[in-house]
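Asker: Using the sequences plus the hints, can you model the full thing?
Numbering follows the working numbering, with no gaps: position 96 of the sequence shown is 994.
None of these hints come from the bench; they were simulated from the model.
Fair warning: this is a prediction, and the values are worked out from it, not measured in the lab.
Even glycine gets a Cβ: it sits at the ideal position worked out from N, Cα and C.
Fair warning: there could be bad hints in the mix.
What follows is a list of derived Cβ distance ranges for each label pair [stated by the list, open to error]:
(1) I936 / T1137: 41 to 49 Å
(2) I986 / S1013: 34 to 42 Å
(3) I986 / D937: 37 to 45 Å
(4) K1105 / T1137: 24 to 32 Å
(5) I1099 / F1133: 36 to 44 Å
(6) E1095 / S1132: 20 to 28 Å
(7) K1073 / T1047: 39 to 47 Å
(8) K1073 / T1093: 24 to 32 Å
(9) T1093 / P1022: 45 to 53 Å
(10) I1096 / R1012: 40 to 48 Å
With a cut-off of at most 20 Å between alpha-carbon atoms, the simulated EDC-like pairs for lysine to aspartate or glutamate come out as follows [to be verified]:
(11) K959 / D937
(12) K1105 / E1095
(13) K959 / D949
(14) K1102 / D1121
(15) K1073 / D1048
(16) K939 / E960
(17) K959 / E1019
(18) K1107 / E1086
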Amino acid sequence: MVPAATLPGVGLVTGAASGLEETKRLINDHKSGSDVKIDAKTYHVDVTSADSVTNAFNSVKEDFGRLDYSVQCAGIVLFTGPSVEVSIEDFDLQNAVLYRGLWLCSRAALNIMRSQPLDYEVYPEIPQYRAQRGAIINVSSVIGLMSQTDTPIYSGAKAAVLGITRADAVDYAEKRIRVNAVLPALIETPMISPTPEIRAIVEKAGKAKTPMKRIGMPEEVADPIVFLASNNASFITGTSLHVDGGFTISV
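Answerer: See the structure below:
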């Protein structure tokens, strides 16, 4: 029997503010029904600023002593039109958040993880052969693999996330740091509903292209992230996990 994924230690999720109230509710629900102690803290960080990212990650290290898991999911999407209609400002903004910002966060996490003890030395319930210094999960998108009209910069940045995920996975494997990516399709978040009109268009098109004929829920992305972060995934690194209801296998 495979044990349930557990995450002893310290985790940091960048880009969590858009779902902050839901995050607080889930934490409170867990506290009320579990003996496991959760100490949640928020940090303000501008992922486009190298200094802001470094300061935030250093604050986590100072507050908690180590960093076991880092999930990069800060995002922005602009329906800019095809490439010749994209302004340089929009190009720079999306890349500053989606690729450079993710890289800054992943880099800061790696810098902390590479010099800390293996987790089994701190959390004795972890088998030594499954030990790791840290796990990083980068949130990309199915659009990083496939094409969609009017999102050339978003598509390119999300594809770049897959490249940096594989490169870091190779570079830090011997340090026992695992790096993986999750590729969601349409997920029920504010990002797909900037206006009722856009929401209706996105939902209709998304359901039509998804074999499961529905939009995913945030917890359906969170669960695979928890698995990839946990020691249950101790022999998995450099992979890209599709969480898309079959979107990428449909014709």
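Asker: Given the range 24 to 32 Å, decide if the beta-carbon distance of K1073 to T1093 lies inside it.
Answerer: At roughly 45 Å between Cβ atoms, T1093 and K1073 fall outside 24 to 32 Å, so the hint is violated.
Asker: Between K939 and E960, is the straight-line Cα distance small enough, at 20 Å or below?
Answerer: Distance ~13 Å between K939 and E960 Cα, so the pair holds.
Asker: Taking 20 Å as the top limit, are the C-alpha atoms of K1105 and E1095 close enough?
Answerer: Given pair K1105, E1095 holds - Cα atoms ~16 Å apart, limit 20 Å.
Asker: Against the range 39 to 47 Å, how does the distance between the Cβ atoms of K1073 and T1047 compare: consistent or not?
Answerer: holds, 41 Å
Asker: Can you let me know if the beta-carbon spacing of I986 and D937 is within 37 to 45 Å?
Answerer: Since the Cβ atoms of I986 and D937 sit about 43 Å apart, the hinted range of 37 to 45 Å holds.
Asker: Taking the CB of K1105 and the CB of T1137, does the distance hold inside 24 to 32 Å?
Answerer: Once the Cβ atoms are compared, 27 Å apart, the range 24 to 32 Å for T1137 and K1105 holds.
Asker: Taking only the CA atoms, is the gap from K959 to E1019 under or equal to 20 Å?
Answerer: Holds - the C-alpha atoms of E1019 and K959 are around 17 Å apart, at most 20 Å.
Asker: Using the C-beta atoms of I1096 and R1012, is the stated range 40 to 48 Å upheld?
Answerer: With Cβ atoms ~42 Å apart, the hint holds.
Asker: Starting from K959, check that the Cα of D949 is at most 20 Å away, please.
Answerer: Satisfied, since the Cα-Cα distance of roughly 15 Å is no more than 20 Å.
Asker: Kindly confirm whether 36 to 44 Å is satisfied by the beta carbon distance between I1099 and F1133.
Answerer: The hint (36 to 44 Å, Cβ to Cβ) holds, given that I1099 and F1133 are roughly 42 Å apart.
Asker: Take a quick look at whether K1107 and E1086 sit within 20 Å of each other, Cα to Cα.
Answerer: holds, 16 Å
Asker: Take the C-alpha atoms of K959 and D937, compute the straight-line distance between them, and say whether it is at most 20 Å.
Answerer: holds, 14 Å
Of the hints listed earlier, those the structure fails to meet are numbers 1, 6, 8, 14, 15, in rising order.
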